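Visitor: Protein chains in written order, with numbering that gives the first Met the number 0: chain A, 0 to 104; chain B, 0 to 389.
Bear in mind the hints are in silico, worked out from the structure with no lab data behind them. Please note that a few of the clues may not be correct.
Stated by the list, open to error - Pulled from the structure, derived: some chain A residues nowhere near chain B, Cβ distances all over 12 Å:
hint: 1; residue: HIS27
hint: 2; residue: GLU28
hint: 3; residue: TYR29
hint: 4; residue: SER41
hint: 5; residue: GLY75
hint: 6; residue: ASP76
hint: 7; residue: SER104
To be verified - Straight-line Cα separation of at most 35 Å, DSBU-like style, residue types lysine-lysine; simulated pairs:
hint: 8; chain 1: B; residue 1: LYS154; chain 2: B; residue 2: LYS139
hint: 9; chain 1: A; residue 1: LYS89; chain 2: B; residue 2: LYS154
hint: 10; chain 1: A; residue 1: LYS89; chain 2: B; residue 2: LYS305
hint: 11; chain 1: B; residue 1: LYS318; chain 2: A; residue 2: LYS77
hint: 12; chain 1: A; residue 1: LYS89; chain 2: A; residue 2: LYS71
hint: 13; chain 1: A; residue 1: LYS71; chain 2: B; residue 2: LYS154
hint: 14; chain 1: B; residue 1: LYS305; chain 2: B; residue 2: LYS318
hint: 15; chain 1: A; residue 1: LYS71; chain 2: B; residue 2: LYS359
Only a predicted model underlies this, so the values are computations on that prediction, with no experimental measurement involved. Glycine residues also receive a C-beta, built at the ideal position from the N, C-alpha and C atoms.
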Amino acid sequence: MKSEMHSPDQQADSAGAAAHGGNTDQAHEYEIVVNARQVDVSKGTLSYIEVVRLAFEHPVIDENTIYTVAYKRGHGDKPEGTMVDGDTVKIKNGMIFYVTPTNRS
Amino acid sequence: MSHQLIDRSPDLKRLRDEGYEVEIRSQHLLVHGIPYLNATGTARRGTLVSDLTMAGDVTARPGSHAAHFIGEHPCRKDGTQISQIKHGTGNNPLAPDIMVNHSFSNKPANGYANYYEKMTTYIAIISAPAQSVDPSLTAKTFKLIESSESDSVFKYLDTSSSRAGIGAMSAKFKGLKIAIIGLGGTGSYTLDLVAKTEVAEIHLYDKDKLLQHNAFRSPAAPSQEELFTQPPKVAHYYHLYSKMRRGIVPHETFVDESNVHELADIDYVFICVDKGSVKRPIIATLQAAGIPFIDVGMGVHAVGDKLWATLRVTTSSKKKTDHVLTRISLSDDDDDKYSQNIQIADLNCLNAALAVLKWKKLCSFYLDEENEHNSTYTTSINLFTSEDRS
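Starting from the given sequences, assemble the full structure and let the hints guide the process.
Guide: Below is the structure:
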């Protein structure tokens, strides 16, 4: 639902991102969705841990604890995928992240 | 059971090896395809039936000389019933699935030494008139031998594969030993799918009992009576799937340092457990031994009055192992912090199906051009990902 609301912004941003040539624009505000909540971020690149912190207020950050981070509607070279610790991803308006432990069976 | 009984009992094995259509059903011995002449002199085929005297899991000396017949009463060439064996006529249910039409009595002075002697003696008497008319008529049809039923893990033929003409591909699973660690929702659905392949053994590891809530996220439909007894999960699934196949091996225990070495001769392992911390010795042991495994897990969250979930399938194969610790959490800390342990049968089922599908790719049953070793599916954005390619 939310993602559909953002689709005009997303198109507008595609042109903007091209104009910036992929540079991270610290002043730019990006509207993204993390775990179905709309979040504004000012960074053009987010790390795995930064995305986890956007998803959860008090995540467990240690070497044994792993969150599964999946994203969609990202930049053209890798519009969708997952992130592990150490990964970064370029941010785009309307980009969607889902973050969760995947330990239930 | 019936195949093992035939294999272990020299008299039954000899009958089968000589081409008789031997079947064990409801504790009775049936030999199908016996040629005989009916009252009008027409050649027919019927089934000779005998009760079985057992000594443990092999046949003993026949306790009764009597036999039964499914068909018309066998006759001589002149249309009269063969009086040498005649005893009684009338439908008689020996078992719920065995209805005989006639009973025979032919007693040698010393009785019958074994079932080979008993059945072939009756068959010779029954078939003699028919063979006199047409010498090519024989009870040695080799009909069941053709099905090679005797060395199948299934208690009845896998007609699904044979109908589809993919028997040769299905045979790729033959002889494999599989372990499923954890029989929660995903583990039990994994069992459901693996049980329908020709793998030789499926080892089940779980210490928990089957409780009422389990019924709503596992295959099949346990009765209230079954749930009342709170059976161990491994026992419940052993009985459920042993109706269909052999080779289900229940282990009513968790896997930890003390018994992880039992996995050393397993070919593929499915890890379907909730606790991250217990995975460490399992992963270490399997990777050291070069045993491929697939670890599954999911997270389900509520947003307002709706749910979303991400499912994960992580594969460690002979080709790639180095990504595993970046994908599988070994921590228990994350357990209850944000998730309420919501699980839904269709999510468990899909996670299991994705894991089994990947295993079938590792077995070269399905074509695999992606060779991904980590895959996720997120419901709310309908997103499949595949990464960590080998």
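Visitor: Now, for every hint given, state plainly whether the structure supports it.
Guide: To see whether the hints hold, each was checked on the structure:
1. HIS27: Label holds. Min Cβ-Cβ 24 Å, cutoff 12 Å.
2. GLU28: Holds, because the least Cβ-Cβ distance between A/GLU28 and chain B comes to about 22 Å, which exceeds 12 Å.
3. TYR29: holds (18 Å)
4. SER41: holds (24 Å)
5. GLY75: Per Cβ check, A/GLY75 is outside 12 Å of chain B; nearest 17 Å; holds.
6. ASP76: At roughly 15 Å from the nearest Cβ of chain B, A/ASP76 sits farther out than 12 Å, so the non-interface label holds.
7. SER104: violated (4 Å)
8. B/LYS154 - B/LYS139: holds (23 Å)
9. A/LYS89 - B/LYS154: With a Cα-Cα distance of about 56 Å, the restraint between A/LYS89 and B/LYS154 is violated, given a limit of 35 Å.
10. A/LYS89 - B/LYS305: holds (29 Å)
11. B/LYS318 - A/LYS77: OK: B/LYS318 and A/LYS77 at ~25 Å, within 35 Å.
12. A/LYS89 - A/LYS71: Holds - the C-alpha atoms of A/LYS71 and A/LYS89 are around 12 Å apart, at most 35 Å.
13. A/LYS71 - B/LYS154: violated (47 Å)
14. B/LYS305 - B/LYS318: violated (40 Å)
15. A/LYS71 - B/LYS359: holds (28 Å)
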